[in-house]
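So the sequence lines, in the order shown, correspond to chains W and H.
If you read the first sequence in my numbering, its first letter stands for residue 7, the second for the next number, and so on.
If you read the second sequence in my numbering, its first letter stands for residue 134, the second for the next number, and so on.
Hints should not be assumed to be uniformly reliable.
Part of the chain H face toward chain W, derived, beta carbon under 10 Å [stated by the list, open to error]:
#1 Met-134
#2 Arg-271
#3 Asn-350
#4 Thr-392
If you're looking for bench data, these hints aren't it; they were derived computationally from the structure.
All values reported here derive from a predicted model rather than from experimental measurement.
All C-beta atoms, glycine included, are put in the ideal place defined by N, C-alpha and C.
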Amino acid sequence: MRKHKSAKLTAALAGLALTAAACGSSGASTGASSSAKAPAHITIGTLYSGSGSYATSSQPQLAGLEFWISHENAKGGAYVGAYHKRIPLKLVDYNDQSSSSTAAVQYNQLITQDKVNILVSDFGSVLTAPAVTIAEEHKVVLFDPTGTGTSFFTPGNSYIVLTSLPTSGVWPDPLVSFIEHEKISRVAIVYDSNDFDASQATTIKDGLTKAGITPVVYEAVPTSTTSYGTIISTVAAKHPQAFLELGYPTNDIPFLQNLQSSGDHFGMVFTAFPGQLHSLLESNVGEKGLAYTFSYGFPPQISSSKVSEGMTTARFVSAFGHGKASNVNFLDVAGYQAGLVIEEALAHASSLSQSALRAAVASQSGKLHTLDGSFDINSEGAQLGERLPVSQMLPANGATTTKIGIVYPASAANTAVTYPAP
Amino acid sequence: MLFEFAVVAGILFGVYYALLGVGLNLVFGVLQVVNLAHGDVVMLGSYLAFEAYYAWHLNPLWAVVIGVVPALVAGGALYAGVGPRLARAADPEMLSLVLFFGISQIIEALATVAFGNNQRSVPASSLGAAPLRILGERYPRDWWVVAGVSAFVLAALFAYLYASPVGRATRAVMSSPRESAAVGIDVRRVSVATFGVGTFLAASAGVLGVFLLGGVNPTEGVSITVTAFAVIVLGGLGNAPGTVLGGLVFGLATELTQTYASTWSGLVPYVLLLVVMLARPKGLLSKSARVA
């Protein structure tokens, strides 16, 4: 009896659904009909690291994305072009604890169980790597804020979009030019053995070799390295003018500390993260340990006053950082930037299908200008629009702190370079 | 020149690694317990140094002294609480693994809540700014200070083990708990004291590790336990003096590899461990040479 009732109910629901579908398809071109079948909300799924090595970087990225979501929801949601209306955004996020194996399970869960409309990866290449294959397998577009490993972007995979930074292999182009410009001929490169750092090291080595400079040291070290004293001594014995250390913040901090206590001095010291996580680095190594260190330059230190979408740098600092630039780091901007790219995808896609979203992103390439710079991707989804200038941490406030100055190229520079470092 | 530097650095780090492992080995030798929370206690010691320097404006080395009583009491109390239950278990070693893994996770979670996720550091200059020039080479001063304090704590430990009544009783229990009980040694009391001493040794290694291990973060406990375990297996499980040899071998292997083949520096010490295990399964100071 109960079975019979249930079958009747199913048939009735199926009939209703078919009727609704028929109405929907007949009136697809009208706004009113489109609105009728619009989802109650757009679900955005992402992961973050609540603990572990990447927590420091992952959490600001999530904060930037959340900021964009709350900002859009305050307006009634993101504008979805396919339905000609704003639809509220809902965030589903899981804590991967900086573990790529946990992340792999959770990315799968976001796609298969939560059935998210938009998939956003966690910070960095290590935690993005598992998402790349999973997203491709399920034919879901991966919005990738900071996973810049060059191996992610291949001609066969159209299901990834790097929203913020260029691929890490492109990062050092201005750095190589700077080294040539300063006529530095003895360069030591020590890099962590992971995709992110190895691709930067390769670019630098190839660029320098083209310029006739052979690095005096070119060594990989394990990503888990936290003691650099002996490595610094080994490098110092080769008398380089420039020492480039390519690692994550957990490497940059002990490296700069060990360098300070070693008593060794190099005309130029470069590490990747002081430009991104300046406050963290300064609180750990102090003003003396950070002064005159070179790094990449990132927003918000690179200020954008003309944007086609979203907030200008000044407005973002005001709204997100409560008016204090020191409250904002690049990863906050990267999370917010991912939101802006998603916003464009939703606004221009003909439907919420993944292929339509990907096509919409491609259509906005070269047209979108935000506080993060120009959004310009190639057919593989790799970001090409941004170039990271060279920055230098310069003593400020009577040498009690440091500030980030952009020193190269001249078109982006806002202060003079100090080379060799005193 | 590079070789000399690497050897001296290896010895300095080796003395520290010995301190890092000796508490774990002492606890294993006496209690037959693998304390998987050892690295987390080391991590707490590093935070104590951080607080001593930034919150109380003290030389961070004072944290070694400040940590003595809390570590002895907390370690002793913990073992007094769980020891009897472990003793009654059908498989106490397996239960201890699970139990201390749980404690490790709890410490990590509480440390994350208390201190946040960010890496924290204490400047090496707090132990003296200028590098030391020895045999024509320049060494960071903090390496020498850390190795010196580690050697002092190790010497104090061996004085305790060989010259005090409780220490002699500890060595007796390490050799044979049953025979020790038969001659009137209170094995339970010795066990509680040993766990307290082991906790203090881990905490003091943490105070010093904030300089040699690149700062502190709440999740570093597991990797520290792995390093400490490698050191004590190299020297000989349950063999406290062997830990010193294990630490020196581990330190030299790490620093020499960093100098001549830095790409493999994360691998070589563990390959060495494997080789030692195959050649001398009971560690470098095997049972025939064992001195409890």
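Evaluated hints:
1. Annotation: Met-134(H) was flagged as interfacial toward chain W, and the flag holds, the nearest CB pair being 7 Å apart, inside 10 Å.
2. Taking 10 Å as the C-beta contact cut-off toward chain W, the hint placing Arg-271(H) at the interface holds, the least distance being around 5 Å.
3. Interface restraint check for Asn-350(H): the shortest CB-CB distance to chain W comes to about 7 Å, inside 10 Å, so the restraint holds.
4. Satisfaction of the interface hint for Thr-392(H) is found here, the shortest Cβ-Cβ separation to chain W being roughly 5 Å, below the 10 Å cut-off.
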